[in-house]
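**Student:** Protein sequences, first through last, are from chains A, B, C and D. Going by this note's numbering, the first sequence opens with residue 24, and the numbers climb by one from there. Going by this note's numbering, the second sequence opens with residue 24, and the numbers climb by one from there. Going by this note's numbering, the third sequence opens with residue 24, and the numbers climb by one from there. Going by this note's numbering, the fourth sequence opens with residue 24, and the numbers climb by one from there.
In case anyone wonders, no lab produced these hints; they're calculated from the structure. Check the hints yourself; a few may be wrong.
Where chains are identical, the list cannot tell them apart; a pair therefore holds if satisfied intra-copy or between any two copies.
Said to hold, decoys possible - Below, simulated PhoX-like cross-link-like pairs (lysine-lysine); rule was C-alpha separation at most 25 Å, straight line:
#1 Lys290 to Lys136
#2 Lys305 to Lys365
#3 Lys136 to Lys443
#4 Lys360 to Lys343
#5 Lys156 to Lys305
#6 Lys338 to Lys368
#7 Lys273 to Lys443
#8 Lys360 to Lys443
#9 Lys273 to Lys314
#10 Lys136 to Lys368
#11 Lys365 to Lys204
#12 Lys343 to Lys52
#13 Lys290 to Lys156
So you can see what is in the structure, the chains are spelled out below.
Number of protein chains: 4
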Amino acid sequence: MGPSSLFKRIVNKVLPSSLEQARLMRQAKRVTEAWRELLSNRGEVSGAAVAREAILAFRGLSAEAKPLFFTQLTTTLVPDEALVSKACQQYLSAPSAAHLSALQSACESPLQKLFRRLNQAPDGIETLMSLRKNVILGLKQNPEWQLIDEVLDRLFNLWFNRGFLSLQRIDWHTPAFVLEKLIEYEAVHEISGWRDLRRRLQSDRRCFGFFHPALPDEPLIFIEVALTKGISAAIGPLLDLEAPVGLAEKADTAVFYSITNCQPGLKGVSFGNLLIKQVAQKLGEEFPRIKTFTTLSPIPGFTQWLTHITPELEKLPDVKDSLQAIATLSQPDWHLKFSNDKKLKESVMALCAYYLTKATQQNLPADSVARFHLGNGARVERLNWLADVSPRGLKNCAGMMVNYVYHLNEIEQNHEAYVKGSELACTRVLRQMAQTCPLARQGSKDKKN
Amino acid sequence: MGPSSLFKRIVNKVLPSSLEQARLMRQAKRVTEAWRELLSNRGEVSGAAVAREAILAFRGLSAEAKPLFFTQLTTTLVPDEALVSKACQQYLSAPSAAHLSALQSACESPLQKLFRRLNQAPDGIETLMSLRKNVILGLKQNPEWQLIDEVLDRLFNLWFNRGFLSLQRIDWHTPAFVLEKLIEYEAVHEISGWRDLRRRLQSDRRCFGFFHPALPDEPLIFIEVALTKGISAAIGPLLDLEAPVGLAEKADTAVFYSITNCQPGLKGVSFGNLLIKQVAQKLGEEFPRIKTFTTLSPIPGFTQWLTHITPELEKLPDVKDSLQAIATLSQPDWHLKFSNDKKLKESVMALCAYYLTKATQQNLPADSVARFHLGNGARVERLNWLADVSPRGLKNCAGMMVNYVYHLNEIEQNHEAYVKGSELACTRVLRQMAQTCPLARQGSKDKKN
Amino acid sequence: MGPSSLFKRIVNKVLPSSLEQARLMRQAKRVTEAWRELLSNRGEVSGAAVAREAILAFRGLSAEAKPLFFTQLTTTLVPDEALVSKACQQYLSAPSAAHLSALQSACESPLQKLFRRLNQAPDGIETLMSLRKNVILGLKQNPEWQLIDEVLDRLFNLWFNRGFLSLQRIDWHTPAFVLEKLIEYEAVHEISGWRDLRRRLQSDRRCFGFFHPALPDEPLIFIEVALTKGISAAIGPLLDLEAPVGLAEKADTAVFYSITNCQPGLKGVSFGNLLIKQVAQKLGEEFPRIKTFTTLSPIPGFTQWLTHITPELEKLPDVKDSLQAIATLSQPDWHLKFSNDKKLKESVMALCAYYLTKATQQNLPADSVARFHLGNGARVERLNWLADVSPRGLKNCAGMMVNYVYHLNEIEQNHEAYVKGSELACTRVLRQMAQTCPLARQGSKDKKN
Amino acid sequence: MGPSSLFKRIVNKVLPSSLEQARLMRQAKRVTEAWRELLSNRGEVSGAAVAREAILAFRGLSAEAKPLFFTQLTTTLVPDEALVSKACQQYLSAPSAAHLSALQSACESPLQKLFRRLNQAPDGIETLMSLRKNVILGLKQNPEWQLIDEVLDRLFNLWFNRGFLSLQRIDWHTPAFVLEKLIEYEAVHEISGWRDLRRRLQSDRRCFGFFHPALPDEPLIFIEVALTKGISAAIGPLLDLEAPVGLAEKADTAVFYSITNCQPGLKGVSFGNLLIKQVAQKLGEEFPRIKTFTTLSPIPGFTQWLTHITPELEKLPDVKDSLQAIATLSQPDWHLKFSNDKKLKESVMALCAYYLTKATQQNLPADSVARFHLGNGARVERLNWLADVSPRGLKNCAGMMVNYVYHLNEIEQNHEAYVKGSELACTRVLRQMAQTCPLARQGSKDKKN
């Protein structure tokens, strides 16, 4: 997106002249004033009008002045140090309920009240989401913005609490306004246009999203599902515009092949876990023959991990096949030339099985997608060879994809195991495959990753 | 309401035997366990199911065991004292942003997370509202429950933030389910049944309410309006079932004659100020001839105040008329016998004008209804003699009612004056009337009240 | 209803003076002109505006002038006699498709086009329904109005074709505007007010109606259903406001205890047959345990028929019991004194069984309610003694009610038998009961009735 | 559309072998039987089920058998000749109301009842619309099908009576299902895809359609409007995907630039007149600054008419310029070479002005679009030179377009003049332009055309 990347560039570059700097400073100050007005008596009695003014002022802010405005917010609208200190001392002297309550009040950021009042205007929540998106983009360069980020993180987790979301089916009867956003947002398998979108909404497919009542036109997250016979082993047939439309009533499997978080401003509010489970339940009710709920997922960190562990691998005995396989994967078009090379396939799949089920990073699965699904209580079901031969699929996942299966009655124990760091849930086949990986012979988990 | 008063009685009375007490204790503990489960790993991964179980457990709780449950919540689900203390010390040693953030996290009540997760179940929010209603009823006897009350107060202020409410017209096309609740909730001028309700929804009347998307059948607050020619001086004609239906298009005034907060569990979330202003704006757009937006309000604290200030009054000179008037008001049926007694009327109205515009309590207007409307930026427009001769009207307000007028372009300055404690907004006539009150001759405001 | 009966009286009485008569005549003519305008060029190009004018003119018509207006319509807006005659002659000379088509056009009433154009105004269809209601009321006195009646009968049968109706559940979430009409319209068992209505809409009851999209607030017909265990044998428990609410999920029977046609202006458009069947299907889907769909119906013509057949009965042998029973029924409070008189019960029920299953009038069942349900394919299931001891129930039905059962898989053959005049569908018990009636011994059907 | 043209070919070609013919005949008979069943006792009591069967049977009919089925309908389901004849004779002997009524009944086609009953099934009306579409396509070859066509024409005129239609705005919030149909149906200026459609629905454009409640996803007719400053003189800028979006609030003119009837099966039901007027009224209310409601219309018959009148023109004096102009128009790319040729422009525009305002065919304007708008009460406002230089525009209209303006307060008198055959409504400029055409000098209207 243009504006975001513009903003990104601005965040990073040194600002031009001091004259210009002063001008921007004044601009930012005017907006800060408009926002502080929300905390005044006028904000108390005419909140909606003041909130509208504040939003207009913010929209008029140039991209260069925004960072200054954010920084001003974090310097002028913070809890009063003296008050917080005093509340701390009181609590330390007597940790009573009353002192705790006073302490909570004292350290609550004035930004919270400000943002709450801003939400009186019709576009309040959109403005705050857009603001946080910008804040997150510049957080590294401006660590002080964390004060804003944290307040919004808390607010959004409360405002977008699951109890307020509605699960809605998205299909060809959905307003074009919303459909258009699917095309824009889809992050996993790009939608090439209206024809592509239409194929994904036909009777052998389902699409569901979470919506918030204050943002009826904005999907927060959406998931795309194919109703199939058997567990899909490759993404190509699912995305094929010309694929014949199957009979949903005959399907025995629901394949979640794409899930997209739409709102960068809502980072930290987790929707995916609940969405998958609610959709699985809904589909199970509509199609009693569907017994398997599975994903068809990328393995985004695999090839990077291969590079990372190669030195370690080289130190182990009997790793010739593995090292040769890794070398092969770096050849262009290897998937065309060696598609039937059984040894290659075995070696790579063993490494990948190990990666998915054994490799960890800070005690969690190394792969980000694995982290998400295993953390939700799914299990690793099957590795699929040459399942995604798109450039991205080859580059990141060595052309493989994985199915994570959600068994409703084993979700809780899988999650429990996941949290406790016990063995991850996977099929016996995959466990055995992982054990044929030379790294497994080390007799211990890969510690560093 | 039956259940509430039952609960009230229970809260106050000593519990029977120790055997019974133990049984209740066990009952309460089981529910506490069910609620704590929400904070466990299971609550993390299967939140909605755990929340449903928690709600069912709570509903099964006997009225006698509820107080025990509340108390358990406040003893087991509080911020960890050691952690809070440590965070306090860190902050005191170095009041950095990071330490502030750590302090905020440390002192956040685990109840907040628990309540948020409870809201994943379909009835979560109703359960929490009902819980808080009970907590408030027993707060005096159980001051420790404040820990629950405060968390819910914060949560509700965020969840019922104005940006999420929808203003809806309530009329004869509204589902009976909602209309029935108006009859149940109306707190100012009782609705005697469906016929009465119907009269209040006819074409010369309007009724509006705020609704929250998660509670589509529950008005949070509602306001009743009469569209009239001129400012109403008495409530009787507005409530008369047989009154002919006026022509709304010919009206020049909107009289807000009743406003009711429906949800005791939402105490502390203020809806009224915004509702009045949004309704005024809406009516102004629909009926451009309507230029005056006024209330017809009771003066609930007037006669009590009279009793209270009589000793002080007796010390002043030239108070014979006033004292005689006060005495007259205590005679039965005085309004029939002395309805034309000009001196009585003058004395009482002078006292009342003084009460409304000068009498204060903790630097705010002494009358609760005056506090509300003046705090919203309205002004005192007119006192109406024998405007409400119902038993309650006579007892509390000496039969008078007052019009507070909302002038959209003077609201902010009125509110400003109100906050600063400057002279309250009222008409010249009323100010002069107040000055004829003997108390005004004291040369200073009534300090004690 | 007041206005209708006023109109009725007017239709019947001689109009006052010739002066007055002339005034009314002029009034009626003005409206006739306004309506004829719809057939003019202006009506062609500005139909909606002209239709509005026509409706306003009609509304301004006094009750006394309406009959004159109706008569004018029938004299001025009829097919041209010369054209019809010519078309007849052409057809007779050569009965070709073209001549048939010309004949159809020639004899189509100009009123049809007029009414179609009137329907361009927002209230067009209500106006026409109200007009027809009036026309029907005066039809006997003004046989020429049949020309209007027939055109509207045809139009309404097309406009209210089943494909355009929507079946809607009516419950406590329905707008009060519609619920109020149930109270007003209910024709079988009067609804005494909102409390009564509410009981009829609780979870062990169902109410459904047909609505037309152009009249979203007007039920055309509605049916009330009780979900019970076993077939109800008396109406009292179903109408009891204090009856405990049953568990719908445990019900095995749906009792249709009231069905009301709401719109007298739609006479001749049959909704009931389809409504019963669609509701039965819907309930069967929602409650798979419900296997029996039955009515609990009055027998409105029974006692009148008894009076009618008594002379004939007296001529037969062995009729002492029957005659004595008939005499008993005319005693006041017989149902209290003789409620356990077995002989009385047997005699009366035998007569009634005979009446329901054998007595005919113009080859159709003598009882109007029996005609309706048997014509729909139901069968007579059970006679219930002392099932309706209300004054009306005693007077018309000798306190009895009957269950007609709809077995979905025997409806077609029952209807077939009904149409062919074969034996009516009923249980063996009832058939035997009927045979014990002295009239059955005659060896032939009751011919005269 | 494929199926239609397939059907068309079939209608026209001789059917293959007599064996095949017999097979098709049997197929058609089975469907005829299924449809006749609707008129039986079973159809009476189980109409909806029988209608569903009938529709399924019809759908199973091969394209080759359809014509046979239609023909069977017209031979087996016609009014009984004997009955009609008898009714004719009775009427002729005594033309009473009763005999008229009997005659109407006798000559009503049984098809009407059949189609009414078919409409009990969910897809009834779609089936009938599709059937009529086919009937119309084959009407020329099968004149007997007129019996079906006439019945459906009458039914549809009643069912799609204006009182039942709803005017709906179509915009980017409309379901994709409906939007897709605009792309498919648009008949005037093809929509090239979703991007094109989107531009036509932006804030300086409006699109409205009529919908029937039984067909909520099917626009019956739709109109596209541009909100502009001044009357558009060319179609190109309106269709330009890259045209900047104008400010609707600043517009003073609404340009109806495309109107499309969507349902060939509803031929003869006129929607356009009412749609234009309702949209004009709606826009006038929303945008009080818009005072001019105009079309930008093609002149589809102009060049054909030129060819047609050339011989006649050649007989007149002083026609050199005209003839040369006509010759020029047949040169390829004349609009590029002679775009500034003033003489050419004058001659062609004079001819066109004459064509639009004077040329008649059976006493009506020769041009079909002119007939429609002038018949609706519009007036010819302005001829636009080189307004549509698309191949079709050049071929049919010599690149010109015309604005018809709807002045709400002159519509009725314009229509009156139109109907009476008086001078057509147009501006003085156009009238003078027409008089400079050599044909005007003839002193009389063009009689033959």
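**Student:** Give a verdict on every hint.
**Tutor:** Going down the list of hints, with the structure as the test:
For the identical chains of this complex, Lys290 and Lys136 are neighbours both inside a copy (21 Å) and across copies (18 Å), given an alpha-carbon limit of 25 Å. Taking the shortest Cα distances, Lys305 and Lys365 never come within 25 Å of each other, neither inside one copy (41 Å) nor across copies (58 Å). Only between protomers do Lys136 and Lys443 lie at most 25 Å apart by alpha-carbon distance; the minimum there is 21 Å, versus 38 Å within a single protomer. For a Cα distance limit of 25 Å, the shortest separation of Lys360 from Lys343 inside one copy, 20 Å, qualifies, whereas the shortest one across copies, 77 Å, does not.
For a Cα distance limit of 25 Å, the shortest separation of Lys156 from Lys305 qualifies neither inside one copy, at 32 Å, nor across copies, at 34 Å. Taking the shortest alpha-carbon separations for Lys338 and Lys368, only the intra-copy value of 22 Å comes in at or below 25 Å, while the best inter-copy value is 90 Å. In this assembly of identical chains, Lys273 and Lys443 lie within 25 Å of each other by CA distance neither inside one copy nor across copies; the values are 39 Å within and 45 Å between. Taking the shortest alpha-carbon separations for Lys360 and Lys443, neither the intra-copy value of 43 Å nor the inter-copy value of 80 Å comes in at or below 25 Å.
In this homomeric assembly, Lys273 and Lys314 come within 25 Å of each other (Cα to Cα) only inside a single copy, at 12 Å, whereas the closest approach across copies is 29 Å. Taking the shortest alpha-carbon separations for Lys136 and Lys368, neither the intra-copy value of 58 Å nor the inter-copy value of 47 Å comes in at or below 25 Å. With identical chains, the CA atoms of Lys365 and Lys204 are never at most 25 Å apart, being 43 Å at best within one copy and 51 Å at best between copies. Within a single copy, Lys343 and Lys52 get their C-alpha atoms no closer than 65 Å, and across copies no closer than 61 Å, so neither meets the 25 Å cut-off.
For the homomeric pair Lys290 and Lys156, the shortest alpha-carbon distance inside one copy (8 Å) is at most 25 Å, but the shortest distance between copies (34 Å) is not.
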